[in-house]
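Chemist: Residue-level listing of the chains:
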Amino acid sequence: MEAPQLQTEREGDAGVAPEPLLIARNITKSFGHVQALSNAYIDVRAGEIVALVGDNGAGKSTLIKVLSGAHRHDAGEILVRGQSVSINNPNDAFDLGIATVYQDLALLPSRDVVANLYVGRELTNNGILDRRKMTEEANRVVRQLRTNLPSVHTPVRFLSGGQRQAVAIARVVHFGAEILLLDEPTAALGVKEAHEMLTLIEHLKEQDKGIIVVSHNLAHVFRICDRITVLRHGQTVGTLIKEETDSTEVVRMITGADLL
Amino acid sequence: MAVSSDKVKPLDDKPDAESRLRRLLSQREVQLLLVLVVFTVLVRAGGAQGFLGPTHFPIFLSQVAPDMLVVIPMAMLLIGGMFDLSVTGVANLSVVLVGWTFSRLLGTMDDTLLIILVVAIGLTAGLIVGAINGLAVTRLRMNPLMTTLATWWMAQGAATGVAGGESRHNFVGSFRDIARFQPLRDLGETFPFLQEMRISTLPMPVFYAAIVIFLGWLVLNRTRFGWHIYATGSDRRGAALNGVNVNRITLIGFIATGLAAAMCGIVWASRLTSAPPNTLGGLELRVIAAAVIGGAALTGGEGSVLGAVLGLFFMHMIRSATIQLGLPVYWEFFVLGAVLFTAVAFDAWTKRRADTQ
Ligand SMILES: Nc1ncnc2c1ncn2[C@@H]1O[C@H](COP(=O)(O)OP(=O)(O)O)[C@@H](O)[C@H]1O
Ligand SMILES: [Mg+2]
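The listed protein sequences derive, respectively, from chains F and R.
Using the numbering used here, read the first sequence as starting at 9 and increasing by one per residue.
Using the numbering used here, read the second sequence as starting at 1234 and increasing by one per residue.
For reference, chain R alone in the conformation it holds in the complex (with noise of 0.2 angstroms):
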C-alpha cells in the first residue's frame, strides 16, 4: 500500500491460463459439477445403465422441483445470516388447507373461482409463518433456532389439529394441474425432439422451479437487493453501518421462504389429490443440507443459487442411486448424512488453508 507506483504491481485483469484454471477449480459450484459427473459415472457402471438417461431424467427433473422451490429461498436465507427450520411444517400446513377447504367448499362456488381460493390459502398459511419468523427475530431479537423450531412445531401441530385424523380426497379435478399439467406437450407433436428426449412430457412444477432459480440467481447476482442479502450475512452489524436495512433483508427472506414451502406444499397436494398432514418429511434437512453442500455457509455471507441447485440435484441423485442400485433404502439416511459431513469437513479445512497462508 501506498509504495511508489513503479513497485504496484498491474491489477491482474488478465491472469495467465494456470492461475485462471485453477481459480476455476477452487470454486465450489465446479467442484460439486465434477463430483456429480464421477458420481454418475460410477452408478451407471455399478450396474444402474438408465441412471439419469433419457428415461430417467425427466423423472428425476419432476421429483426434485417441489424441493427446488424451497431450496433456491433457503439458500438467500442462508447467504444473509439465518436459517428456517420451519419449512415442512409450513408445506405440511398447506397441504392440509388445501384438503380442508376443498372439502368445505367444494360445490358452493365455482371449480377455477375454487381453485384460486385454495392457492391463496396455502400460500397465506406461509406467509403468516414466514412474517411471524421475520418479526420474532428482527423486531424481538429472538433466536433463529429456536423461534423457527417453535413456528415447525405449531405449523406442524396445527396441520394435524385441522386435518382431525381425516384424510381428505374430494378435490376438483383440474387441480391436479398444478402439477400435472405437462405445457411442452403439444410442442412435443411439432417437434419430435423434443418428445424423444421427453422434454415434452416435464410437468408444471419443473417450470416453476426454473422460474424460481432465474429470479433467484437474477436477484442475488443483479440486483442491489441481492448484493444487501450478501452484506447482511457477511457482516450484520457492518452492513447496516453502511445505510443496509438488514432487518427488511431478513423479513422478506423469511417471508420468501415461508410463501416457497407453502407452495411445495399445494404442488404436493395437487400431485397426491390428497392431503394427509404428514405428506412432507424432512424437508428443511434436505434443503438446508444441499445449500450447505452447495457451498452456502451456516455463518452466512457465502454461497450461490447454482451451487444450491447442484446440492440439492446431489442430495436426490444419491435418494435415486440408492434405489436403483438395489440397495438397502434404509441405508439412504446414512449416506446422506456422511456425504453432508464430509461437506462440512471440507469446508472446515480449506479455511483453515486459506487463514494459514
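Just chain F, with the same shape it has in the complex (with noise of 0.2 angstroms):
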C-alpha cells in the first residue's frame, strides 16, 4: 500500500475545510456470490453528519461493518486522520476512535445500564471490577447526554427502544469515539422518540464528532446531515451537499432512475 500525502499545512490553510477524519475509498467485499461492495467511497470530518442512503441490499450496512472491523474488505483503502490504516477487527476500530451503533444496537438485554456501558472495558482495580467508579461515571453520562433512565441498574430489556438507542450511544462517547457511525438509529423508534434521537445525534455534532448516519427516512437525513452519499448496488453513485439538492434527486440516485 502506498504511504497517503499527509496535509501539514493545515493552519496555514484558514477558510479550506478542514481535512477528512475518515475516508474509505474503492473498498470491496464480497459474500460468496455476493458482491456486497464494489467500489464504495464515504468520507467524514469533525463536526460533520453525513448520510449514508441506498435501496435494500444496497450494501449500507455492510460498508458501516468493514469501517467498524465487523467485516474485512478485500480491497480498497482506510484513511483515519490522513493516515491509511487496517482494521481486522472491532478492537482495532476502537483504537482508531471509531465507534458504531448497530442497527439492532448489540446490546446486552439481561444486564443493567452499568454492564452495558462497559461491557468489554470493565474497569478493575487490582484485578477486581470497580463497580462504585463504573456506576458514577454511568451516572454521568447518561447525565451528560441528557438521557432520561429510571436507573442505570435498570436491566436494558426494561427500557424502550429510545432508551436502548440512547444507551448505546452513550456507551461509545464515553469511550471517546471521534467517529460515530449509526446503522438506521431511527428505524424502530416511534415518532417522539425518533425526534429526540435526531436531536442527540445533532447534540454529538456539536461536540465534534465525524458522524455517518445510515436512514431510510430522507425527511431524518435532511433535518440532520450535511452531506448525503448515495450506495447503489455496492457502489457510491455520489456525494450531494444538502443545501444544493432535494429529496426528488436523491431518490432518483438512490434507484438509478437516471440510468434508465
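Simulated from the structure, these hints should not be mistaken for laboratory data.
A virtual CB, placed ideally from N, CA and C, is assigned to each residue, including glycine.
Do not take every clue at face value.
Stated by the list, open to error - A few chain F residues that face chain R, going by a derived Cβ cut-off under 8 angstroms, partial list only: (1) I86; (2) L87; (3) P98; (4) E130.
Said to hold, decoys possible - Residues of chain R clear of chain F, computed beta-carbon distances all greater than 10 angstroms: (5) Q1260; (6) P1291; (7) W1386; (8) N1454; (9) R1457; (10) S1467; (11) P1509.
Starting from two chains that each stand alone, build the complex the way the hints lay out.
Modeler: Here it is as C-alpha cells:
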C-alpha cells in the first residue's frame, strides 16, 4: 500500500475545509457470490453528519461493518486522520476512535445499563471490578447526554427503544469515540422518540464528532445531515451537499432512474 | 431522553422503603429463601421434628457437598448460554479410573504419591472431556445438547468398559481422608460450642464446596471474566462485537464443569472406597434443575451463585424430607419434577408480565 499524502500545513489554510477524519475508498467486499460492495467511497469530517443512503441491499450495513472491523474488506483503502490504517477487528476500530451503533444495537438485554456501558472495557482495581466507579461514571454519562433513564441498574430489556439507542450511543461516546457510525438509528423508534434521537445526534455533532448515519428516512436525513452519500449495488454513485439538492434528486440517485 | 434538564427525574439512588422492599422480594434468591423456610417449617410440623436440626444439618451439608462442586460451574455455564449433560458420565469415569489406577499400582510406589497420581488421573479425565465439549461447541459449532449427550454416553461407556464388570475395593487407606477427614475436629476440643453445633464434625467436601461457592461468587460478580460470562449468555454476538472473547468464555466454562464433575467422582470414590461405574446417577438433571430453580435461564444471561446454592439445597431438602416423613421414596422424582415445572412456569409468568408492562 502506498504511503498517504499527509496534509501538514493545515494551520495556514484558513477557510479551507478541514481534512476528513475518515476516508474510505475503493472498498470491495463479497460474500461468496454476492458482491456486497464493489467500489464504495465515503468520507466524513469532524463536526459533520454524513448520511449514507441507498436501497435495501445496496451495501450500507456492509460498509459500516467494514469500517467498524466486523467484516474485513477484500480491497480498498481506509484513511483515519490522514493515515492509512487496517481495521481487522472491533478493537482496532476502537483504538482508532471509531465506534458503531448497530441497527440491532448489540446490547445485552439481561444486563443493566452499567454493564452495557462497560462491556468489554470493564474498570478494575487489582483485578477486581470497580463497580462503584463504573456506576458513578454511568450516572455522569447518562446525565451528560440528557438521557432520561429510571436507574443505571435497570436491565436493558426493560428500557424503551429510544432509551436503548441512547445507552448504545452513550457507550461509544463515553469511550472517546470521535467517529460515530450509526446504522438506522431511528428505524425502530416511534415518531417522538425518533425526533429525540435526531436531537441527540445533532448534540453529538456540536461535540465535534464525525458522524455517518445510515437512514431510509429522507426527512430525517434532510433534517440533520450536511452531506448525503448515495450507494447503489455496492458502489458510491455520488455525494451531494444538502443545500444543493432535494429529496427527488436523492431518490433518483438511489433508484438509478436516470440511467434507465 | 434528551428532554430539558428540569424534567429529567433524578436517578433513584435513594429509593423509598416500599419500592426497596418490592425490589428485594422480586429477587429470585429472596423468594427461594422464603420458600425454603416455609418448606422447613411445614416438614417439621408434618412430623419430622429433627429436619435440618442440629443433628441433621451437618449430615445434610455433607450430602449436598459433592453436587455443590458441580452446580456452581454448571450455573456459570448456563449463565454463559451453554449447558453440559455429560457430568454424570464424567464423574463415573473419574470414579472408575481412581479404582482402576489403585488396583494396578497399589504397592508399587509411595502411598501419598499414588494418591496424588490417582487424583491427577481422575481430574485429567474431566479436563479432557470438558475440553472436547468446549472445542466441539466453539470451533466446530456443534450443538451443545447433542455434543454433551454424546460425550456423556462415551464417558459412561468408557467407565463401564474400564471397570469391565469388576468392582474395585483395594484402595490406599488414607485416600478416605479426601472425603472423610474432619479438619475442625481438633478445634472442637478447644471450643466446645463447635462440637455442640457439630461444626467440628463437618468433613472435607463441605469445605471444598464452600471454596467453590466463594470462588464462583467472586469470579462471577467481581471480575471482568464473570461479567463477560453474563455478556456472552445475554447476547453472544453483541458481546463479541464489544470485544468479549466468547469462545474462550465457553471453552473455560466447559473445562471447569468437567473438572468439577471429576472432583465430584473422586469425592464419591473416597467416600465409598469402592468404584462401580454407576456410582453417580442423575447428577446432570439435579444440578441443571437446581441452577434453573435458582434463577439461571436456559437462554443464558441470567442466574446467580447464591440462587444455584439455594436451588440445590431445595432439591436435597425434598429428598431428605421424603425419607424423614416416611413417604414412599418412589415418589421423590415426581416431586422434584413438579418443583422444576413450577419454577419454570413461574419464570415464564414473570417474563410475560414484564413484557406486557
Ligand atoms: N453476512 C453476510 N453474508 C452473506 N451476504 C451478506 C451478508 N451481509 C450482507 N450480505 C449481502 O450483501 C448485500 C448488501 O447487504 P447490506 O449491506 O446489509 O445492505 P443494506 O444495509 O444497504 O440494506 C445484500 O445482498 C446482502 O444480502
Ligand atoms: Mg442494513
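Chemist: Look at each hint and say if it fits the structure.
Modeler: Hints, verified against the model:
| no. | hint | in the structure |
| --- | --- | --- |
| 1 | I86 | violated, 19 angstroms |
| 2 | L87 | violated, 23 angstroms |
| 3 | P98 | holds, 6 angstroms |
| 4 | E130 | holds, 5 angstroms |
| 5 | Q1260 | holds, 12 angstroms |
| 6 | P1291 | holds, 33 angstroms |
| 7 | W1386 | holds, 33 angstroms |
| 8 | N1454 | violated, 8 angstroms |
| 9 | R1457 | violated, 5 angstroms |
| 10 | S1467 | violated, 4 angstroms |
| 11 | P1509 | holds, 42 angstroms |
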